[in-house]
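Undergrad: Sequence:
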Amino acid sequence: MSISRKALDGAIAKGILSEQQAAQLFDHLRPSPTGDLPEPENGNEDSISAADAEEVRFARGFHDVFVTIGIMIFMYGLLIGLRSISGGSGFTSTITLLGMAAAVWLLAEVFARRLRLALPSIVLNLYFVPLAFLGISGIIDQSIAASFTYAPTLKSIGTHLRDVSSVLPLLLIEFSGLAVAVAFQLRFKVPIGIAIIALIVIAMFVTLLTYFFPNFFLSNFAWVTLAIGLACFACAMRFDVRDPTRKTVNSDKAFWLHLLSAPLIVHSTQGLLGAVFIVNAEGATKVMATVGLIAIVAIIVDRRALLVSSLIYLAYAITVLLQDANLSTDGLLALVLVSLGSVVLMLGSGWSVLRKRVVALFAGTPLVRWLPPTH
Numbered sequence: 001m002s003i004s005r006k007a008l009d010g011a012i013a014k015g016i017l018s019e020q021q022a023a024q025l026f027d028h029l030r031p032s033p034t035g036d037l038p039e040p041e042n043g044n045e046d047s048i049s050a051a052d053a054e055e056v057r058f059a060r061g062f063h064d065v066f067v068t069i070g071i072m073i074f075m076y077g078l079l080i081g082l083r084s085i086s087g088g089s090g091f092t093s094t095i096t097l098l099g100m101a102a103a104v105w106l107l108a109e110v111f112a113r114r115l116r117l118a119l120p121s122i123v124l125n126l127y128f129v130p131l132a133f134l135g136i137s138g139i140i141d142q143s144i145a146a147s148f149t150y151a152p153t154l155k156s157i158g159t160h161l162r163d164v165s166s167v168l169p170l171l172l173i174e175f176s177g178l179a180v181a182v183a184f185q186l187r188f189k190v191p192i193g194i195a196i197i198a199l200i201v202i203a204m205f206v207t208l209l210t211y212f213f214p215n216f217f218l219s220n221f222a223w224v225t226l227a228i229g230l231a232c233f234a235c236a237m238r239f240d241v242r243d244p245t246r247k248t249v250n251s252d253k254a255f256w257l258h259l260l261s262a263p264l265i266v267h268s269t270q271g272l273l274g275a276v277f278i279v280n281a282e283g284a285t286k287v288m289a290t291v292g293l294i295a296i297v298a299i300i301v302d303r304r305a306l307l308v309s310s311l312i313y314l315a316y317a318i319t320v321l322l323q324d325a326n327l328s329t330d331g332l333l334a335l336v337l338v339s340l341g342s343v344v345l346m347l348g349s350g351w352s353v354l355r356k357r358v359v360a361l362f363a364g365t366p367l368v369r370w371l372p373p374t375h
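Under UniProt numbering, the very last position in the sequence shown is 375; numbers go up by exactly one each time.
Check before you lean on any hint, since a few could be wrong.
Unchecked claim - 25 Å max Cα-Cα, derived DMTMM-like pairs, lysine to aspartate or glutamate:
#1 K14 to E55
#2 K189 to E282
#3 K356 to E109
#4 K356 to E282
#5 K189 to D330
#6 K189 to E109
Source of the hints: derived by calculation from the structure; they are not laboratory data.
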């Protein structure tokens, strides 16, 4: 007998099983590749375990894709219809946004809460929060801070944040966005919602930091973003620790948080090293060493998102090292892409074996019991 992760998530949502019980039940009922017999303990060393596969539920099948296409077509048609009725300017555009947000909520009741379709749930979450956020911001902007133009750029935000009459409406807008994101998450429990909530919290933190310490954020930008990235990484690891075998929805929540934390950590680290403007072999070597260190961390925690975010810097470093090779532009591009692709393919094909060897270095330490299994 086998059981799907979708069925387990439904049981968790209804309070029938705890997350730990669901993970244990999944392990007990999961069939082997040959049928109902248990998997041999001395299986192929090169095979990738369920945890190493880093499974993320984007779609259960093409049915999810089909429904998602329908949602996108419906929402685009609704946008055109509401804009034609409301006129599409001022307060009427706010009504359009809130009307679309309400429609998304109703769709989520069917596809996210009742049918629990993965991809449609993700898309609906990504629709709802920005629509509700922008709609509410339109109301706040007109009734509380008419002087505050909500067309944010880094420069305009920095200017308005120095004035309490501007920062309070902005904080209220962000808090309203946080409220609708939390409400959607509590109702529909879509894993990506955790990352969306974290992103809004980050925006509120930056707003407060910029208001109370106007020059600190810009002068210490890399350090601040690194701290934020590490905080997101810690939250992601908290979910990973609760589900080391990656059988429950905690694994998906961790994935989205890792996806959010990775660029913050990688880009801020490179910025602190001055690698954003590397022009010589020394700088390129420094970048490659940093990418190697990040790769080790990614392998240990079994999360590829950290490594993916480093690829752009690795490609840049390879380009700098090869720029003196007297190659044509096409030749240089081809060599860089082939080199980068080879690194990714080698890591992908040998990830499981490499991870076993790296984690083995920490055998006997408390760290191991918090990590995903290597078999």
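Undergrad: Each hint should be assessed against the structure and marked as holding or not.
TA: Here's how the hints hold up against the structure:
Restraint check for K14 and E55: satisfied, since their Cα atoms lie roughly 23 Å apart, inside the 25 Å limit. For the hint linking K189 to E282, the alpha-carbon distance of about 47 Å lies beyond 25 Å, and the restraint is violated. Distance restraint check for K356 and E109: the Cα-Cα separation of roughly 43 Å exceeds the 25 Å cut-off, and the hinted pair is therefore not satisfied. Annotation: proposed proximity of K356 to E282 is violated, straight-line Cα distance about 32 Å (limit 25 Å).
Between K189 and D330 the alpha-carbon distance is near 47 Å, which puts this suggested pair outside the 25 Å criterion. Between K189 and E109 the alpha-carbon distance is near 11 Å, which keeps this suggested pair within the 25 Å criterion.
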